[in-house]
Structure formats: C-alpha cells, structure tokens
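Trainee: Taking the hints into account, I'd like the entire structure generated from these sequences.
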Amino acid sequence: MERLVVIGAGMASGRLLEHLVEADPNAYAVTLFNAEPRGNYNRIMLSPVLSGEKSYAEIVTHDDAWYARHGVTCRFGERVESIDRDRNVVVGAKGEVPYDRLVLATGSDAFIVPCPGHDLDGVIAYRDLDDTNRMIDTAPGSRAVVIGGGLLGLEAAAGLRMRGLEVTVLHLAGHLMERQLDPAAGYLLRADLERRGITVMTQAATKCIRGDGAVEAVELEDGTILPADLVVMAVGIRPSVALAKQSGLAVNKAIEVDAQMRTSDPSIFAVGECIEFAGQLFGLVAPLYDQAKVLAATLLGQDAAFTPKQLSTKLKVTGCDLFSAGDFADGPGREDIVYRDPARGIYKRLVVEDDTLVGAVMYGDTADGNWFFGLIKDGTDIAEMRETLIFGPAYQGGATADPLAAVAALPADAEICGCNGVCKGQIVTAIEGGATDLGAVRATTKASASCGTCTGLVEQVLAATLGDAFQMPTAQPVCGCTDLSHEDVRRLIKARELKSQPAVWQELGWSTPNGCHVCRPAVNFYLLADWPLDYQDDPQSRFVNERKHANIQKDGTFSVVPRMWGGITTAAELRAIADAADKYDVPTVKVTGGQRIDLLGVKGEDLPAMWADLNAAGLVSGHAYSKGLRTVKTCVGTDHCRFGTQDSTGLGIRLEKRLWGSWTPHKVKLAVSGCPRNCAEATCKDVGIVCVDSGYEIGVGGAAGMDVKEVQPLVKVATEDAAVEWTVAFVQLYREHAKYLDRPYKWLAKVGLDWVQQTLGDAAERTALVERFDLSQTIYQTDPWAELAMREKARAFAPIADLTLEAAE
Amino acid sequence: MSWIDIGALDDIPVRGARVVKAEVGCIALFRTDEAEVYATTNTCAHKGGPLSEGIVHGRRVTCPLHNWVWSLETGEAQGADEGRIATYPVRIEAGRILIDGDAVGKRSAA
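Here the protein sequences come in this chain order: A and B. Note that this note's numbering has the first sequence beginning at 268, numbered continuously upward. Note that this note's numbering has the second sequence beginning at 41, numbered continuously upward.
Honestly, the hints are just simulated from the structure, not real lab data. Where hints are given, some of them may not hold.
[To be verified] Taking lysine to aspartate or glutamate and the EDC-like style, the derived pairs with C-alpha atoms no more than 16 Å apart in a straight line are:
| # | chain 1 | residue 1 | chain 2 | residue 2 |
| --- | --- | --- | --- | --- |
| 1 | A | K560 | A | E285 |
| 2 | A | K576 | A | D557 |
| 3 | A | K560 | A | D291 |
| 4 | B | K61 | B | E76 |
| 5 | A | K1013 | A | E977 |
| 6 | B | K61 | A | E1003 |
| 7 | A | K761 | A | E1003 |
| 8 | B | K87 | A | D822 |
| 9 | A | K924 | A | E987 |
| 10 | A | K934 | A | D1009 |
| 11 | A | K766 | A | D801 |
| 12 | A | K520 | B | E133 |
| 13 | A | K1060 | B | D51 |
| 14 | A | K1060 | B | D50 |
| 15 | A | K560 | A | D822 |
| 16 | B | K61 | A | D1069 |
| 17 | A | K924 | A | D1050 |
| 18 | A | K761 | A | D801 |
Just so we're clear, the structure is a prediction, and the values are computed from it rather than from any experiment.
Mentor: Shown next as structure tokens:
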C-alpha cells in the first residue's frame, strides 16, 4: 500500500479523504497532520456557533470514530516542522513520517494588521474554534471592536452582538463588503446591522491598539479612541505557504499547482486555500470541494482537471438577506438592471453582458438568488426574458414598480410640511374627510400653504390615498434617474433622515446605480446643507470647478482668484499676486467686477504650488468657482467718502468673513453701499445692503445676469449687528429650502417674499437659522487651497503616470 | 498586448479619474467602481474638453465643458449627440492598474 501524508485537516483535505476512502479504501495508508488539536469540522459554520445557534458538536464533520473506521493515522495538535524531499519524509514535532505521495492542505492564516499593539492579549483573529471560544468566553456587556467589515468580520460582529457585547465594526473602505456589494446594497446592510445595535464606522483606519499587556482601546488615524475589551481582526486571510516555501516548492501568492493539483514536485500535491491555480486564489468552499474531487482522481490515477467556476456568496447572519454571485464589478460591455423597493428595503442589481447574466447582487429578498446563480453558471441566453428578468422566475404579467412608493412608505407621523408642522397622517385624515385636491388640503391642514416646497409631496399623498381619483400634475423631475422633483428630494432627505448618497438612491428609488452629472451635484449639496455633521462632501459629485477649486477655461487651463475681503487689498498682497503671475507664466491678469484679481490661463498641475505661494502671503481661495459666497462688494463709506453714512467697507468685510466657505444652491453675491448713491451697486445683488443715516436697508433677490432684477426690500434694521444677523439668516433659509441652481431671486419667486419676511421676522427662528449656519461653517469654513496644496492631495493634480518619459529611456 | 503597470488602483478615487501621459496623447483613467477601471482619450471629441475632469456616473463620463456624455465602454457619445472617443484596454491586477502598452503607443524596451 502506498503511503499518503496529508498536512492540514480542513474542509478541502477532509473532502479529499472522503473521496479516496469511497473510491478505493485500500489505495493508501493515510497519515493526517493537523496543527489544531482536533480533526475536520465545518469551519464555515463557526458563525452560528459564535452566535449560539449551533454547538461545536453539531459542526464536526469527521469524529474520532470516522478516522478510526477508515484507518487514518491522526497526528492532531502536532506541527509539521519540515519536509525532506530528498528522503520523502515529513518531519513532525513528534517524529518523522515517510511518504510516497504528500498533500499540502495548510489552508490560510488570518492577516493581522501589523499596527502597534496587535500582539496584546485580547487581540484575536476569527479563523478557528479557539478564536470562536475566546469570543464566546468574553463576558456580555464587554466592548468588542471588529476590524474589517467583510464577510467574516460582519459575521463575527453579529455573533458577538447576539452574545450581548457592545460591538463596533471598523471598515477601511467607504461601504461594507465592498468586494461583494455596491454602495446601495452596502448601505442597506449597514442600516440592518445598526438596527441590531452594532456601530459601524466606515473609512476608519486603525492607527494602533492601546493597552498595558491586555487590550484597552483602539485608536483611529483621525484620533478617535474606542475603548475595547476584545479586538477581532477580520481584515482578510493569507494562504499559509511557509512550509511549502521552506521546502523549495514553487510559490507565488500561494502554492502553484496545475489542473491536476500537482505542485512543482511531482509527488507533492496541494489543495484548498493554500493553492494558486492560473493566478487565482480560492477562499470559498465550493471550488475547494471541486479541487478535492480532482485531487482524489489524480491520486487514484484517473484523468481529471480543475476548472474554476462562478461563485456565489451569502452572509450567514440571521435576518440579513444578502446574496452576491458572479462578477458584477468588472469588465467592458456590461449593462446594469437595477430594482429598488425602498418600502421593503429591497435592492437587486443584475449585470448583463452579451445577453447573458454575469453577476447579481441582492439584498432584502434573495429568494431568487439561486435561480440567478443558475443563469450565471449556465450562461443562459436571457435576451428573451430581459425585460422581466429582474422580477425572477415567478414573474407573470407586467406591473411596474410604484413611483409613489417613497411617499406611500412614509409612516403617518412623518412630517410633510415643515413650515406648519403637518404630518402625513393629518393630510390623509383631511383627504378622507373630503379634501380631495391640493387647495382643499391647504385650506384644511395648512400643508404646503407657506413656503410651498412640499407641494409635490402633498400631491403624492393625495395620489397615494385617492388612487386613480386624483390627477397628478406633472412635476419636473430632477433628471432621468428619478421621478421626484428637487423639492420632493429635499423634503424626503429631511423627513426620512437620509444622510448619504447611497441612502438617497436606495430609499428614493433611483433608477441608475449612482446617479448622473445632473442629480449628483444637487444631492451632494442637499445632503451637506441638511446634515453638515453627518454627511461628508463628495468631490466626485462636484463639477470640475468645485473639485479643482479653480475655474476651468475653454482650453482646459484654469483661472485663480484669491479672496480680497470687501475688495480691500494691500501692497504686500498685490506683490504676492504679481510674483505668482510671473512664476507660473500667467498669460492674463484681469480685474473682476467683484473687486478682486483674476489670474487666467494657469495649468492644472501648477495649481497646488501656486496656491501654496499665495497662502504664504495670507491669501485664500476667493471661491470664484463655487456655488457659494463669491464676493462682498463695498464702497469706501465713512472711511474716506464725504457722503458715507456708515462703515460700509467694515460691514462688507465682516459679512464676507462670516459667510465665506459656505456652499449654497447657486452662487451668492453681496454688496454694501455706504449711502443711497449706491456706488457698490447693491441693488442688483442676491443680498444688497444700502446704508442710510438711520441704519441699514437690506434688499434681497437682485440679479444682473441673464435676468436683471432690482432687490426687493427685506427689512430695515438699526444696527450693524442686526444687519449681519438678518443676512446670515436669509442665506441659511435659502440654503435649506431652495432648489439646487436656483439663484435667490428664482427661489423668492416660488416661495414669496412674504413668507421669507414672516419666517425671518420671528426672532427665535432667526436665531435658530444663524445657529445652524454657524454649525455648518464649523465644518466648511476652511480654505480649500491650503488643504489641497498639501503634498498628499496635490499629487492628484498631476498625471498618475508619464509613459512618454519611460519610452525615451 | 504588453501590459504596463501605471499605478495603484487606490490612487484614483471611486467615481474619479486621473491622467496618463502617453505617446498617443493624454489618456484618462476612470475608476467607475471599487474594482473597475476604464481608459479613454482625455480629449472630448466635441471641443477638446478634459474628460478626466468630468463627473463619472455608471460607466459614463460627462465632459466638463459642454456636458457631452460618453460611454466609457464603447466610446460612443450618448443621447442625441453623435461621435466616438478612443478607448484603451486596461485591467486591474492585485490592486495595480495595467494598460496595454501597444495600444497607447509605448515602444517596447527591445
């Protein structure tokens, strides 16, 4: 009988032994080494063991009796020290074993982030029963931090939470399971986990683990400190190849094998997570079983060849329905079919290529997962059923998704009209009481009777309640990605507390995977205006000018405009601007209508260096490119002018220093004139202040562009402080309510000056608006030039590579 | 094909783009998803706008100058506009971006 030695008693080698003893029990005398002091168990069921849904005994695949029955000599709990290929001998810690054939099934090791503190007591991986038991033995109420929001990390987190621990998941990428899920499905998963009491932090980079001997806390790169009694590292696995390398076998990322599972030594084979075949690694169980079958055949002298197949993933967390199969993220010529049912938290995405299904992601309803997986594996031609494919195999007939779903899904106590505090339930009651059109609902409930931005929502409540009896007026949707209007999107972002773009796309039923160039900048603005602390501005959702913090010109160069507060400058600033113009070969230097200087024709890659130079002279970005505060134009007022009534320059500078850096629906320009002669042209600005002897006349809604408008008088106040307060409150009201790309005059035409005057006339409301504005400014009032000029960020302005240089070498 | 390593995948933000200078001119690399990259010319076929500065959505980019929308997969203009931009073979391997040197005019080392 030939001697077969197997190193590693995991799932792949376990399956191999099953095939061997079934096909020819007398072919080999088998010796099985395992570093763990136990035989083969179903490792992928560790999560149910952790959560308490199963016991270890239930997941044992091969017990002592099985090994005895099949004559397998077990060397469990014994490490293999080396392989002597010259003598065909495996050297175990307790002695040598000769072999005719050798199988390496060493599996993989958890990757431990080599940060300071990774070796403290209480830092564990999640690979085997010992790790699992360590987690089970941690007292309920303890604080656990799981590093890694992939499959394994989330299963660990869910299990620990079910054991009663306080769990925080740290994930480096922007959304959970980014390899398997797109942002929308990642968002749903996160929401589900948070509902179970698990804290999820994305874009969280671990700096170090603190503790004296044992874990005490995890410190993040941003300085956040999370107290912890247990840290679970689940950032990934690495093929365990040390033994193979040391034995001189061909090893790349893992042990290289051919389609017969043979390594570079013809009498040594390898199987499972430790192998590399055609450049590919394997971590899921299905291909491992395929390999085991092939290797059994090879060892028995039969023909067999391993071919990798499509894979599917399911998250084993009770109550989180998630399915991912095939390749949904890579390759040209592919199209998406997306289905969202926000009311039920369902998201499905199919990826189609050449009339076949190549990938599928599902969340919330995975009932059809295996059917889709079958289509992927079989390469079925889906051209015929493409229209209805996403509805699954049971689909009959042609009902389409309900465009009113977003509104229909709102609970009765959801606020529809913020101005008058009217909830959906009150509107429905009014409708059922006979108010069957918009006017009647307004008259009965006051909903949409003030600023009017919720009109669309009220109409949708009417439609959802009355069905066909209500004729919906056609509202202009934001873009082709949604049927909702800007006003609806804004209102729903507030009402449903949507705080990320994937949340908006999912909950409001976007028809595209991630929006388009029309909706993305608008949604980005709405989110940052409504949730300044929760939402992080997305540069990829901004037009080039706001991403580059400079104005793109028709030849692809940029213009640079430093801020000159209230139009006041100094000789030193002018010198710095002149020096920058010389140093960077600026072809055109122009004085703008906003009382500052424009440097035109700057090359994109020169921007960071130029900003750094200007910063050094105290100059910051003038935001001449932004939907935000541009300039505050002033006259010289009482400083020099013999007609000046107030310090118009001082007030202008004060306003500019207060408002700069804030993002608004469209650009905002201000001016302050020192007397009614109005040299600063304040009466055609978004906000224009004209000083008079008795105080300050504030006008709003002026324009001097495509439309020319004179400001409407908002209020007259006695003090400079009051002028600043009213101006800030007005800008904040505009930020909170206007449609993206509406200048204040357009917004005023929709909501009416009366409503604005009434709202701002309430001192408490005015104070609240100012407070919300100032809160937002704590985040956004920073000089983008200073930030982008730093070396890290500046790199993004240069080419990623220059192949012309290499070619010349 | 001769694949040339031009940088790390993470040097491009998701739904962002970077430029590669090459013999055939500037090439824009678009990262449309976590693990998905496309390469096209950086020059819009309409009026020469820098496509790498546009907004990336789905597998498309919108030119920053006049909002022409291009398919990154086929190079075809989308919507009512007509035209085509050059696309180049690109792939991702172990977190690195590789571009086909033959297609972008890089002479081989020999």
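Trainee: Decide, hint by hint, whether the structure agrees.
Mentor: Hint check:
no.: 1; hint: K560/A x E285/A; in the structure: holds, 9 Å
no.: 2; hint: K576/A x D557/A; in the structure: holds, 9 Å
no.: 3; hint: K560/A x D291/A; in the structure: holds, 13 Å
no.: 4; hint: K61/B x E76/B; in the structure: violated, 20 Å
no.: 5; hint: K1013/A x E977/A; in the structure: holds, 13 Å
no.: 6; hint: K61/B x E1003/A; in the structure: violated, 43 Å
no.: 7; hint: K761/A x E1003/A; in the structure: holds, 10 Å
no.: 8; hint: K87/B x D822/A; in the structure: holds, 9 Å
no.: 9; hint: K924/A x E987/A; in the structure: holds, 14 Å
no.: 10; hint: K934/A x D1009/A; in the structure: holds, 9 Å
no.: 11; hint: K766/A x D801/A; in the structure: holds, 7 Å
no.: 12; hint: K520/A x E133/B; in the structure: holds, 12 Å
no.: 13; hint: K1060/A x D51/B; in the structure: holds, 10 Å
no.: 14; hint: K1060/A x D50/B; in the structure: holds, 13 Å
no.: 15; hint: K560/A x D822/A; in the structure: violated, 62 Å
no.: 16; hint: K61/B x D1069/A; in the structure: holds, 5 Å
no.: 17; hint: K924/A x D1050/A; in the structure: holds, 12 Å
no.: 18; hint: K761/A x D801/A; in the structure: holds, 13 Å
When held up to the earlier numbered hints, the structure conflicts with 4, 6 and 15 and fits the remainder.
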